[in-house]
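Just so you know, the sequences run in chain order A and B. For the first sequence, this note's numbering begins at 1 and goes up steadily by one. For the second sequence, this note's numbering begins at 315 and goes up steadily by one.
Don't read these hints as lab results, they were simulated from the structure. In this text, all values refer to a predicted model and were calculated from it rather than measured experimentally. Glycine included, each C-beta is placed from N, C-alpha and C at the ideal position. Mixed in with the good hints, there may be bad ones.
Simulated coverage check for chain B against chain A, where a stretch passes if three residues somewhere in it have a Cβ under 8 Å from a Cβ of chain A [stated by the list, open to error]: (1) 502-508; (2) 531-543; (3) 564-570.
These stretches of chain B come out as covered by chain A in the derived footprint (C-beta under 8 Å, 3 or more residues) [claimed, not checked]: (4) 421-428; (5) 447-455.
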Amino acid sequence: MVATIVVVAVVTSRGDKRRAPPGQRGPAFAARDSLGARVRAIFGGGQAGPETWTALEEALVRADVGPRAAADLVTRVRASFRPPADPAAVLAAEVAKTFADDPSWRAPAGSPGIVMVVGVNGSGKTTTIGKLASLLAREGRRVSLAASDTFRAAAGEQLETWASRTGAHLVGQERGADPGAVAYDAVQAAQARGSDVLIVDTAGRLHTREPLMQELAKVRRVLEKASGRPPDEVLLVLDATTGQNGIAQARAFTEAVGVTGIVLAKMDGTARGGIALAVREEFGVPVKLVGTGEGTDDLEPFDAERFARSLVGR
Amino acid sequence: MFDSLSGRLNAVFGKLRSRGKLHPKQVDAALDDIRTALLEADAALEVVDDFLGRVRARALSDEVMRSLTPAQQVVKIVRDELTVTMGGEHRPFTLPGANPVVIMMAGLQGSGKTTHAAKLALHLKEKGRQPLLVAADLQRPAAVEQLMTLGREIGVPVSSEGKDPVRVAKNAIKQATREGRNVVIVDTAGRLHVDPEMMKEARRIRDAARPHLVLMACDAMTGQDAATQARAFMREIDTTGFVLTKLDGDARGGAALSITQVTGRPIYFAGTGERAQDLEPFHPDRMASRILGMGDVLTLIEKAEKELDQERAAEAAEKMARSQFTLEDFLVQMREVKKLGPLQDLLAMLPGVPGAKQQLNDLEVDERQMARTEAIITSMTPEERRNPAIIGGSRRLRIARGSGVTTHEVNAVLKEFAQARKMMKSMMGMAGMAGRAARGLRLPKPPR
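Bound-form chain B, shown alone:
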């Protein structure tokens, strides 16, 4: 989308050079394209028009009007404004000095409250807190059991004593004080913002529990309705901030723009998977790129930094730069990359790839293929791994037998490796410019 958006903007601004100065009409034509792009990303219409007003004012400034690359300038302004609207700098989630700190989770049915109450509890537990989960969703069948099970799995106690949610919340806070738990996370029933009874109940829970933080769970796949929902919850229970859930799918997530613009409250966390540890800090700048379809390289890097062996990675980079990357290193790195999660997910984070969704499907990323490649490399002698040039016909045959594949497949791996080495060299040459490096990337065919 980013590619096509900036492509379209280039076309709009195409005549610029002949005239030397940009016409406001061209800016408006560009803004129309951006409007469509934002609406396609599910940003709410009311939010988009207001947002574009700010972009327009900046785009009409001299800096853009005289720029040689107005399309890029405008995209940059859009990206900057998106980032600012969604909170600017990443806002770390800090707890107030109270004891216990009370956090209330709220949101619509199916937005991910219960799952994220547990994720948040685990997150805080890992930071050295003693959380207590509170199952105050007495509406949905088995919601209490769900939280109990999740609590058991992450080793956090769950409290649910009382016949109505208000009592349950009050009892839990007493229990926390008694048992020395310093954070209380209250899970509440899912409710529609237009259900007056349920919204009143939410306010009653709020008034009784007096939470320091009220977090609304918002599904990243939500469409135009996100703005309406966020505004209604804000009015009733004064939302402190958001958790943007299910961000591990392929939704562009325009809802993030809608909810932050109408409430002025930040998004603290992003839910990125089904496991309890799949909770990540929210980064407005990355979200801006995602909404515009520019990929999410930064998240990928952070993930890599968290889970990859840093020394090994640095060593690999070093070797890549000097063209000394061997099959041995390749094997090590491949195993490291596996730790990051499904390849499909990683690919989706690379810029350009989400736009080429179909291409990605054609590629048929096959985890089993990785296992086969691993088998082929491990069937080589250390000498062969260091210097694949020595692998002649009989060695090929031995490797193929050792790994249970055909010599054809061994050839394919060797060929891919040679190509990859070339690619690494040229990419390292571009010295760290992630966006450019990764965007210029072409996906070679996987070995068959």
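The following block holds chain A by itself, in its conformation from the complex:
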């Protein structure tokens, strides 16, 4: 009985409020090698000593590729490396290869084509939807938006602003309404108006909240039922600053709603979004779009080679 375990653990563990004694601070490690040395190592080309590989591995770690994946990747490239190639370029090519056969972003066909957008709180779903609506409108498509985030305060208003900016048609209900019901209405309305694409916003939810993940799966089922086919795209919005937890997010959302593509949001900062590499390798989910700001035009198709170069630091 899970409940019992929790009860027992709570009751028996009382009183164990250990405090760690304050530690003594020792002298810091001497930096392994200076930044200058690292840069020289990376940009030196031709010369590929151990420092070059260490520096490249560290560049990958700093880009949130993850320590193990970074080590594996560098080991693999190193094994097949032949001078006088440029180690960084070879590594970047290897990274880009991961995405080589991925389908790029294409507006879904259908009447309407349905795009469901999911992700954890604050990853950038609503902003992404606004920019996607703008992108589609610029291509001459008629867009409907479904405000199925009925939980967060003013999420509907936020989407409404984007709808009026981009000329999209918005379907929403009052806060607290059933997100599935909004989705259902939106499909009907989009069909009736002859929209080309329906984009469904959903409330941000941490992937560990099982009931909320089930609610999301229900929204997907409703969309499928209302339109007679599965959604054309289920986009997971990943914040580019996310660390290794991105893998857990991708796993949970993929299991719950069958993610078809990643939107890597907030790539205009200093984070490089290396977690997308791990997500691609582990779940086979391609990166489709990249968010680079809050303006209506700040959404671009994913460019694997550019992404790969930025991961290795050039």
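Put chain B on the given structure of chain A with help from the hints.
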């Protein structure tokens, strides 16, 4: 992770006993493993290397070199150093004597500023303050409406008068003085640390509002970038401290180490849910355990102490120890535990469980199962609940009918209860050593 980390460290130190003394090379091998563990928890690389320098110095001391259990010693040093770096003792959030006290919230887009401005307002209101929320995020569409709605829900007024954030903040402070609000919480737009215009704006708000506290909201799921972000905000607006948000997920939260080490400023609060009351004091020692994957028993205990009926819990513990725990008590405790929140969350706080994530999924923690168990127990007579041994075939059938389940399920509950009773007895025998008790715990299969 803790299990596998200490397992790996044990392997590294395995040859120790044959030689009697630890070799510095073994310490370095151990530090490599710890480095990987910290990086996997998303602590920033620059921070990790500096941090390990301190650990190394301590690990090379005699206390570890001669220890019979060097792996545990090293983990302990790592945990201690993590705790110290993240602020050592828990730092209570105290407000200065000003009137009004001005608090500025800052951070990147989506880090949770608006939500946590409201949470902080509720927290202070509950402490007897009269907060005023200020919606100075004029950037994101509907951010003002969002704060207005949240303010209404928690009964805190929201001010947003003016065409630019600086004016809004100034007007709000005047309004606070006029209306006798003694804390002003200014929510600002999310901004990237590399956006010079927006960072300048943040500094202008700061210069105009002259906040006593500048709190940066940092998403617990942030990766390597956390150090860069924290450093940039510190440089521009002199951050006083942090709120670590979205800690209710399963991120290990290495960002907590990154931001405290590069700024030397404490984390005051942790955001642990979507409700306005989901704000908890930050405890460096617990965070250290979490980063190392050691679970968060202390938070669980505190949660239990806050929300469980203390007398009933004490009574239950008493009975557990004396093996007098009945189905009646079980029912009471089950209802109490429900108050703590979703079972999934509670399980995640138990040590060992986060590492066994897959196992947890296989378990399929089902809240409905709890409801069924409750129905089964309530269909028993008080006598049966006190002494389940008397439940024979016909009683089983009656209970099954009464609760709308099969006799098979009734059997399963009775069997689980018998097992649980045994488990309680042995755990109580270990007399309060939480870590050990809970770590030794095996999850039995839920009744099907």
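Each hint tested on the structure:
1. 502-508: holds (count 3)
2. 531-543: holds (count 9)
3. 564-570: holds (count 5)
4. 421-428: Check passed, 5 qualifying residues.
5. 447-455: Our answer is that it holds, as 3 residues pass the Cβ test (under 8 Å) against chain A, meeting three.
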